[in-house]
Amino acid sequence: MLQRFLNPTVLSSISGLELVAKTVVDGFVSGLHRSPDFGFSQEFAEYRAYSEGDDLRHVDWNVFARTERAYLKRYRGETNSQLTLLLDVSASMGFGSHSLSKLDYARFLTASICYMSNQQRDAAGIIVFDDDVKNYVPPSTRQGQFARLVHAIEKAEPGTRTNLEKPLLHCQQFLHRRGIIALISDFYEEPERVIKAVEPLRFHGNELILFHVLDPQEIRPVINEPMLVLDMETKDALEVTPDYVRNEYREKIDAHIAGLRDHAQRAGMDYFLLDTSRPLDEALREYLSIRQRRR
Amino acid sequence: MGFLSPWFLGGLAALGLPVYLHLLKQHKSVPLPFSSLMFFEKRTQSSIKHRRLKYLLLLALRLALILLLALAFANPFVTTAVNPMAEGKKLFIVAVDNSFSMRTGDRLAPAKQQALDALSTFRSGDLGQVVSFASKASLLTQQVQDPAGLRTAIQSIAQGDGRSSYAELSQMLRSAAQASHVPVEVHIFSDMQKSSLPSPFSELSVAGNTRVILHSQAGADEPNWFVESVNAPRSVYQAKKVRVLATVAGASSPALDTDVAVVLNNKVLETKKVKIPANGRVTVEFFLADAPYGLNRGEVRVSAGDKLAQDNTLPFALERKEPGRVLFVHEARQPRGVLYYKTALDAPADSALTVDAVTTDQAANVSPQKYSFVVLSDVAYLPVQFEDSLKKYVRGGGSVLIALGSAAATRPRVPIFDEAITESRYSGRNAERFQGAASVDSTHPALSRANGFEGVKFYQTVQVVPGNARVLARLTDQTPLVMEKKIGEGRALVFGSTFDNIANDFPLHASFVPFVEQSANYLSGVEKSAADFTVDSYLELRSAKDQGTALEVLDPDGKRALSLSEAATAQTFQLPREGFFELRRANGRHELIAVHADRRESDLSMIPKETLALWQNMGRGAEQNNGPGGAGNTHTAPYSLWWYFALVLLIVSLLESLFASRYLAAENEPMVRKEAA
Numbered sequence: 001m002l003q004r005f006l007n008p009t010v011l012s013s014i015s016g017l018e019l020v021a022k023t024v025v026d027g028f029v030s031g032l033h034r035s036p037d038f039g040f041s042q043e044f045a046e047y048r049a050y051s052e053g054d055d056l057r058h059v060d061w062n063v064f065a066r067t068e069r070a071y072l073k074r075y076r077g078e079t080n081s082q083l084t085l086l087l088d089v090s091a092s093m094g095f096g097s098h099s100l101s102k103l104d105y106a107r108f109l110t111a112s113i114c115y116m117s118n119q120q121r122d123a124a125g126i127i128v129f130d131d132d133v134k135n136y137v138p139p140s141t142r143q144g145q146f147a148r149l150v151h152a153i154e155k156a157e158p159g160t161r162t163n164l165e166k167p168l169l170h171c172q173q174f175l176h177r178r179g180i181i182a183l184i185s186d187f188y189e190e191p192e193r194v195i196k197a198v199e200p201l202r203f204h205g206n207e208l209i210l211f212h213v214l215d216p217q218e219i220r221p222v223i224n225e226p227m228l229v230l231d232m233e234t235k236d237a238l239e240v241t242p243d244y245v246r247n248e249y250r251e252k253i254d255a256h257i258a259g260l261r262d263h264a265q266r267a268g269m270d271y272f273l274l275d276t277s278r279p280l281d282e283a284l285r286e287y288l289s290i291r292q293r294r295r
Numbered sequence: 001m002g003f004l005s006p007w008f009l010g011g012l013a014a015l016g017l018p019v020y021l022h023l024l025k026q027h028k029s030v031p032l033p034f035s036s037l038m039f040f041e042k043r044t045q046s047s048i049k050h051r052r053l054k055y056l057l058l059l060a061l062r063l064a065l066i067l068l069l070a071l072a073f074a075n076p077f078v079t080t081a082v083n084p085m086a087e088g089k090k091l092f093i094v095a096v097d098n099s100f101s102m103r104t105g106d107r108l109a110p111a112k113q114q115a116l117d118a119l120s121t122f123r124s125g126d127l128g129q130v131v132s133f134a135s136k137a138s139l140l141t142q143q144v145q146d147p148a149g150l151r152t153a154i155q156s157i158a159q160g161d162g163r164s165s166y167a168e169l170s171q172m173l174r175s176a177a178q179a180s181h182v183p184v185e186v187h188i189f190s191d192m193q194k195s196s197l198p199s200p201f202s203e204l205s206v207a208g209n210t211r212v213i214l215h216s217q218a219g220a221d222e223p224n225w226f227v228e229s230v231n232a233p234r235s236v237y238q239a240k241k242v243r244v245l246a247t248v249a250g251a252s253s254p255a256l257d258t259d260v261a262v263v264l265n266n267k268v269l270e271t272k273k274v275k276i277p278a279n280g281r282v283t284v285e286f287f288l289a290d291a292p293y294g295l296n297r298g299e300v301r302v303s304a305g306d307k308l309a310q311d312n313t314l315p316f317a318l319e320r321k322e323p324g325r326v327l328f329v330h331e332a333r334q335p336r337g338v339l340y341y342k343t344a345l346d347a348p349a350d351s352a353l354t355v356d357a358v359t360t361d362q363a364a365n366v367s368p369q370k371y372s373f374v375v376l377s378d379v380a381y382l383p384v385q386f387e388d389s390l391k392k393y394v395r396g397g398g399s400v401l402i403a404l405g406s407a408a409a410t411r412p413r414v415p416i417f418d419e420a421i422t423e424s425r426y427s428g429r430n431a432e433r434f435q436g437a438a439s440v441d442s443t444h445p446a447l448s449r450a451n452g453f454e455g456v457k458f459y460q461t462v463q464v465v466p467g468n469a470r471v472l473a474r475l476t477d478q479t480p481l482v483m484e485k486k487i488g489e490g491r492a493l494v495f496g497s498t499f500d501n502i503a504n505d506f507p508l509h510a511s512f513v514p515f516v517e518q519s520a521n522y523l524s525g526v527e528k529s530a531a532d533f534t535v536d537s538y539l540e541l542r543s544a545k546d547q548g549t550a551l552e553v554l555d556p557d558g559k560r561a562l563s564l565s566e567a568a569t570a571q572t573f574q575l576p577r578e579g580f581f582e583l584r585r586a587n588g589r590h591e592l593i594a595v596h597a598d599r600r601e602s603d604l605s606m607i608p609k610e611t612l613a614l615w616q617n618m619g620r621g622a623e624q625n626n627g628p629g630g631a632g633n634t635h636t637a638p639y640s641l642w643w644y645f646a647l648v649l650l651i652v653s654l655l656e657s658l659f660a661s662r663y664l665a666a667e668n669e670p671m672v673r674k675e676a677a
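For the record, the sequence lines run as chains A and B.
Take the first sequence: its position 143, counting from 1, is numbered 143 in my numbering, and each next residue is one higher.
Take the second sequence: its position 532, counting from 1, is numbered 532 in my numbering, and each next residue is one higher.
Where hints are given, some of them may not hold.
Said to hold, decoys possible - For the chain A half of the interface with chain B, some residues (derived, Cβ under 10 Å), not all of them:
#1 S92
#2 R142
#3 F146
#4 P221
#5 M227
#6 L230
#7 M232
#8 A237
#9 V240
#10 I290
Stated by the list, open to error - Below, computed lysine to aspartate or glutamate pairings styled on EDC-like, alpha-carbon distance capped at 20 Å:
#11 K486(B) with D388(B)
#12 K342(B) with E322(B)
#13 K321(B) with D346(B)
#14 K252(A) with D126(B)
#15 K275(B) with E285(B)
#16 K89(B) with E41(B)
#17 K321(B) with D126(B)
#18 K235(A) with E285(B)
#19 K54(B) with E251(A)
To be verified - If you anchor each label on the Cβ, the simulated ranges turn out as follows:
#20 F64(A) with M38(B): 57 to 63 Å
#21 R177(A) with V30(B): 36 to 42 Å
#22 T160(A) with R52(B): 30 to 36 Å
#23 R177(A) with M38(B): 21 to 27 Å
I should point out that these hints are in silico values taken from the structure, not numbers from a laboratory.
We put the beta carbon where it would ideally sit given N, CA and C, even for glycine.
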């Protein structure tokens with residue numbers, strides 16, 4: 001049987017984020033058997049009869065050829081949207097139980113989204129942060145924007161601790177236009193605090209998407225021996241037992257994910273959990289399908 | 001509690017090793033990095049405590065392992081009270097003397113009967129063992145409970161010709177007592193011969209739990225006359241009378257007028273009347289006129305009416321054969337060398353070699369193959385054919401003696417020896433008048449009796465480059481005088497002067513004859529081996545060059561004494577009995593070996609009663625010292641615990657393996673495994 005989606009380990013072996021993004025996006029887009037105008041902003045809405053004064057560029061000449069009537073093709077976001085990606089590069093994002101760390105996965109995701117935006121001529125920007133803003137590429141549609149974005153993503157390395165409030169405050173200062181904001185993080189924070197931190201962006205009329213990136217070992221960890229566990233951010237160590245990990249930890253992480261999803265939905269945000277062991281193109285396609293259905 | 005081998009407790013020092021290793025290799029928990037501890041809580045079931053407990057247990061097991069090992073080797077014991085009689089078991093040993101002296105009046109038969117009678121005290125449950133002893137103690141049975149087996153073994157004891165040794169028997173008894181943990185009761189049936197006692201009496205000591213009961217087979221000292229020794233040549237070469245010297249002696253005996261006869265091939269050749277003094281000896285001389293060619297069986301007999309008749313004769317072997325021939329090659333104008341050499345070689349009473357002298361011109365048609373060795377006496381020229389055949393002869397194992405003089409010095413190289421002649425030196429009137437021998441290897445068989453050429457004046461010597469030859473003697477100016485070289489299988493001996501009275505005055509010295517005789521014997525391979533063998537002595541069967549070749553030994557009954565494998569490999573053969581043994585050596589030579597019993601067995605003087613009592617009490621004395629009441633009472637004995645320690649050691653080692661494998665497995669296992677996606 002052919003591998004339908006790209007295994008994350010395959011992606012990790014591809015050098016160059018640009019190529020990764022192209023591989024991911026082109027792969028699943030061509031597999032959809034849908035028009036290429038599937039995306040974040042350019043979503044087909046309806047046909048409208050031509051009336052004087054309309055821009056001839058929007059006339060669907062194919063329809064005119066068949067029916068000899070001029071119709072205009074209408075899109076849901078006719079004007080190009082502004083997409084801002086907030087990439088968390090805190091130390092905890094460096095965790096990975098297999099060949100791909102969470103940060104690698106998040107970088108592939110970010111690059112893929114940027115590539116898609118670039119294809120659709122949307123203005124895409126990125127803010128890389130941990131407890132402070134590490135890098136900022138303002139959204140733009142200028143030539144070479146994708147290269148700038150990829151460069152910023154490639155430079156993203158695991159930093160220190162996560163602090164959503166400070167970078168998001170910063171973000172509010174940068175973003176003057178409404179658009180889509182995608183926050184990619186492992187959200188090791190209480191769901192209420194996460195939502196509280198990102199809500200101000202929502203109030204500005206932005207559409208918010210929370211990509212929750214987690215390693216399978218964070219969701220269902222397995223240890224065979226009682227051992228010391230070291231917090232990658234705080235460097236605190238704690239003894240844990242297999243019994244605890246098997247039972248209580250799982251309950252807690254499940255509750256955390258459920259809480260985050262619940263709070264996000266209630267706040268009108270999109271929440272999508274990404275397991276790093278899952279093929280990225282598959283996950284992205286699932287999310288976009290859900291998003292489309294929601295429209 | 002004590003230790004039988006306390007030195008092994010030194011092994012306890014090894015206890016430091018696991019402690020050291022455990023301290024070095026102490027497990028250090030490597031923390032597992034994780035994204036966040038947000039969802040973790042500390043649990044009281046401490047992994048470290050758990051691991052530390054396992055670690056301490058493993059360390060304790062390893063320490064116990066070494067401790068037990070050291071203790072087991074140290075052989076701990078506890079002293080326990082033992083009452084041998086209460087247990088009722090004992091080891092019953094019957095030792096019967098079958099040495100040569102037991103032939104006196106057939107003492108062996110009553111000894112065996114008494115031994116059988118002694119078995120009546122053998123109780124069921126006891127262990128019994130039968131031993132026969134002469135120069136060695138032979139175990140005829142294992143330690144068995146079956147008296148029938150012991151009886152059969154006693155009845156099977158055969159008369160021997162060996163010399164009895166009570167020290168050997170005591171050694172065996174000590175070993176038996178040490179091996180068995182029950183009291184030992186030994187019944188010794190012997191003629192209690194004084195000559196069989198070891199010189200240090202302590203060699204008769206037995207273990208403390210051994211009770212010795214002596215059964216003497218002799219009532220009193222028996223008078224005995226015997227042929228003590230016979231001195232006869234082993235080989236004769238000349239047609240002269242053979243001198244045989246016999247010594248006849250008496251032990252515990254009065255003076256006796258009797259006949260002594262010499263017998264050759266069962267034919268009495270001569271009888272002489274002698275008077276043997278009381279407890280003394282007398283020497284009788286015989287001259288045998290017509291010893292036939294070949295191997296002859298001879299014996300000297302004394303007529304005496306004593307009870308030990310077997311020592312009244314003493315066998316000897318005599319071989320008459322043709323003397324070997326020596327080819328003496330000399331220049332026709334120098335006949336003096338052969339005169340001196342031949343005279344010296346014929347000088348011994350029974351020379352094994354005769355000289356055939358030829359001039360160099362006559363040598364052309366002579367084959368050296370039929371000669372024992374060849375002498376080249378100062379030859380300037382050799383016929384080519386002869387020289388070639390001589391070279392072949394030497395390479396094939398023959399020998400040559402080369403004397404060098406003024407004639408030989410004209411040659412560039414020494415013939416056969418093939419080393420360069422540098423010069424012929426004359427000691428002139430101006431400087432020294434003559435040379436003397438300075439350094440002589442007197443350990444060499446050809447020079448051992450040459451007396452270091454002492455006083456010999458060498459006026460003319462020929463200097464030869466030694467090359468790879470061995471220099472056996474040098475002159476004062478370091479000129480090599482005697483050299484030896486191996487050529488192929490044979491050898492060449494070079495004498496740097498001549499055998500005449502011109503170049504030196506050696507023929508006029510007393511050391512000339514021994515030198516000629518010894519060098520001739522050495523070069524011809526005539527061996528002067530011993531001719532007098534006693535029972536239980538060893539006969540050397542083969543020399544270094546005879547390895548791997550089969551030989552044969554026939555006993556006095558004409559039966560093969562060696563198995564096939566022994567015939568091919570045995571180096572020595574122990575002569576088990578009196579009589580004539582025939583030996584066919586690997587080189588094809590036949591020899592006759594005359595074997596007689598050790599004549600110390602002929603002295604039938606008994607051990608004094610006080611000494612016998614002392615011997616009997618040796619074991620009892622030790623027994624009595626162990627506790628009041630003597631034999632049959634409770635005494636303490638060490639009870640070894642090593643077996644228990646070894647058992648615990650085994651269990652601990654199994655536990656250690658189990659814990660160690662688990663401990664190491666836990667360490668090596670990956671701490672986090674990927675969950676199946």
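Quick check on F146(A) please, does its C-beta sit within 10 Å of some C-beta on chain B? This hint is violated: F146(A) lies away from chain B, its Cβ roughly 30 Å from the closest one there, beyond 10 Å.
If I claimed the Cβ atoms of R177(A) and M38(B) lie 21 to 27 Å apart, would that claim hold in this structure? The hinted range 21 to 27 Å is violated for R177(A) and M38(B), with Cβ atoms some 35 Å apart.
Given pair status - D388(B), K486(B), alpha carbons within 20 Å: holds (17 Å)
With the threshold set at 20 Å, check whether the alpha-carbon distance from K89(B) to E41(B) stays at or below it. violated (74 Å)
30 to 36 Å was suggested as the range; check whether the CB atoms of T160(A) and R52(B) agree with it. Since T160(A) and R52(B) have Cβ atoms about 34 Å apart, the given range 30 to 36 Å holds.
A237(A) as chain B interface residue, shortest Cβ-Cβ below 10 Å: holds (5 Å)
Within a Cα-Cα threshold of 20 Å, do K235(A) and E285(B) meet the stated pairing? The given pair, whose Cα atoms are some 116 Å apart, is violated under the 20 Å limit.
Using Cβ atoms only, decide whether I290(A) comes closer than 10 Å to chain B, and label the hint accordingly. violated (21 Å)
Does M227(A) meet its interface restraint, that is, does its C-beta lie within less than 10 Å of any C-beta in chain B? Hint holds; M227(A) Cβ to chain B Cβ min 6 Å, cut 10 Å.
Between the alpha carbons of K54(B) and E251(A), is the straight-line distance 20 Å or under? It is violated: about 32 Å lies between the C-alpha atoms, which goes past 20 Å.
Given the hint of 36 to 42 Å, is the C-beta distance from R177(A) to V30(B) inside that range or not? At roughly 50 Å between Cβ atoms, V30(B) and R177(A) fall outside 36 to 42 Å, so the hint is violated.
Given S92(A) as an interface hint, is the shortest Cβ-Cβ distance to chain B below 10 Å? Given a least distance of 4 Å, the restraint on S92(A) holds.
Going through the hint list in order, the structure does not satisfy hints 2, 3, 10, 14, 16, 17, 18, 19, 21, 23.
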